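There are 2 protein chains.
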Amino acid sequence: MSLVTVGTVAFDSLETPYGKAEMVVGGAALYASIAASYFTKDIKLVSVVGEDWPRKEMKYLKTRGINLDGLQIKEGEKSFFWKGKYHDNMNQRDTLATDLNVLANFDPILPESYKRSKYLMLGNLTPEVQMKVINQMKKRPRLVVLDTMNFWMDVAMPALKKVIKKVDVLTINDEEARQLSGEYSLVTAAKKIQKMGPKFLIIKKGEHGAMLFQGEKMFYAPALPLAKVFDPTGAGDTFAGGFIGYIAKTNSITFENMKRAVIYGSCLASFCVEEFSISRLKKLKAADVNKRVKKFENLVKFSMK
Amino acid sequence: MSLVTVGTVAFDSLETPYGKAEMVVGGAALYASIAASYFTKDIKLVSVVGEDWPRKEMKYLKTRGINLDGLQIKEGEKSFFWKGKYHDNMNQRDTLATDLNVLANFDPILPESYKRSKYLMLGNLTPEVQMKVINQMKKRPRLVVLDTMNFWMDVAMPALKKVIKKVDVLTINDEEARQLSGEYSLVTAAKKIQKMGPKFLIIKKGEHGAMLFQGEKMFYAPALPLAKVFDPTGAGDTFAGGFIGYIAKTNSITFENMKRAVIYGSCLASFCVEEFSISRLKKLKAADVNKRVKKFENLVKFSMK
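Protein sequences, first through last, are from chains A and B.
Taking this note's numbering, the leading residue of the first sequence gets 399, the next gets one more, and so forth.
Taking this note's numbering, the leading residue of the second sequence gets 399, the next gets one more, and so forth.
This is chain A alone, in the form it adopts within the complex:
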């Protein structure tokens, strides 16, 4: 089924305890689209880059079935750039530079062919831009997923709450769920957030996994413990892309199918962190995914007899 993915397409410079990478490709829409492309082929990307963003990566995206008609290329301008350094524990990072560049005036314009897509993934961006995308859809998508972060809660809470009201699935981390709801318990936080609009809530807990909430229903998917997390950049976007990609492929939004989507999202994210940028995702084979999903199954499997 058709899927629109919205978010940044950017450059990142990264430093992790394992090494450095300068000006590698990144961005929420990049990671999410590639992850989704492992499940479905009718993907339509919405973003903006400068003339510096590599043409060969655009070609690569097309080979993955990703339509770039909605990718604006601004001549004479530079792509969004983020520079960050991860601490030893990989759970904390310092932002060393954020150059908005083309993102400063990003006005998303959906091509006509995008406007009746069945699924919509809104990656982390200003709530206003996310809202503009929703408003351009001619038909309400079957499922709208929105990812955001604490920054927008700090500086644009009213706009964020407006757009959250319009979506079906919200994906945030545990600290963000606490900030958004004002509740420490994630169970209570989930109840409050569901009253703000989204029927489904996904709480991402990094190395501790992810939780899915719908009404009284609750599902906990652990992350796969890895011997080495090389670079966590993009893991959350890869998770979201794998999640919505699997939903778009199966075209089912039952809680049981969403659980599977959470597992596939977690699985794709576990590959993402094994190398810098999109390197590991690019080499990924369907067999790798299936093999690792088995590991997720075994990790939590028990029988009370």
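No lab work stands behind these hints, which were simulated from the structure alone.
Check each hint, because a few of them may be wrong.
Same chains, same names: a pair is fine if it fits in one copy or spans any two.
Computed list of lysine-lysine pairs in DSSO-like fashion (alpha-carbon distance at most 30 angstroms, straight line) [to be verified]:
no., residue 1, residue 2
1, Lys537, Lys593
2, Lys680, Lys657
3, Lys481, Lys454
4, Lys689, Lys593
5, Lys693, Lys439
6, Lys589, Lys418
7, Lys657, Lys693
8, Lys626, Lys657
9, Lys657, Lys559
10, Lys603, Lys693
11, Lys589, Lys647
12, Lys439, Lys597
13, Lys657, Lys597
14, Lys703, Lys693
15, Lys657, Lys615
16, Lys699, Lys589
17, Lys680, Lys692
18, Lys564, Lys647
19, Lys603, Lys626
20, Lys703, Lys597
21, Lys692, Lys657
22, Lys597, Lys516
23, Lys657, Lys699
Predicted, not measured: the structure shown is a model, and the values here were computed from it.
With chain A held as given, fit chain B onto it using these hints.
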């Protein structure tokens, strides 16, 4: 099967965001023994208290099938006392007072009837005291579980490593696993720690659950997300007691059975935190446990079709 439980029996004064409790009963051996008593009846406690420790609580322990022949009562002395305050997030706490009292010169003496017990649970104490208990066993227990904490890694690492070498199951939290192994990845940490002696490692992650490692095998049991964590004191000891109690009951140390024991331990711990001290554990019924275990099963259950 017979089970020896060793650890503190104490008084705690606690402050949590939900309230205060002054001089309530606590201690690792208290929580662990009560938790274990939900599964097995032949429990033999080893600890020390002052003359101030309530006789009525001793009576209660006896009603739970807990043998107190190994509980030394020091006339004219005071019981171990700990005072702490939990932060809003319940994951961090400040120790406001630690009065060792009777614990300062604790010399554990095992009654003859204890020395051939099949299972041994060594709660958090100085590594020397833990070693003294192991050395008094006339027959090597089928399974020795040891719980410890970062404090002993800071001040008594050589003695700790000596006793760790002698045990089968080590239970520590994630930060402690990192400190003990010098590895950030829990997968790598687990491998290193298993080389130090214990065939099994349990890493407790508080609200994020617990992991069980044996060789290449790995099991992740999430904690049950709760609307309200009233008082986390004793949760780790309750977990350990539930774990070893279930093992002692079933008398099986296969990985599959240990998984069940981890789930039962997590289940008992989820009750422990609902009220101050041992209040919730005292009221617990078998039906409550079975009902909650079902929740743990549902929390992680998924099928990839």
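### Query
So which hints don't hold here, by number, going up?
none
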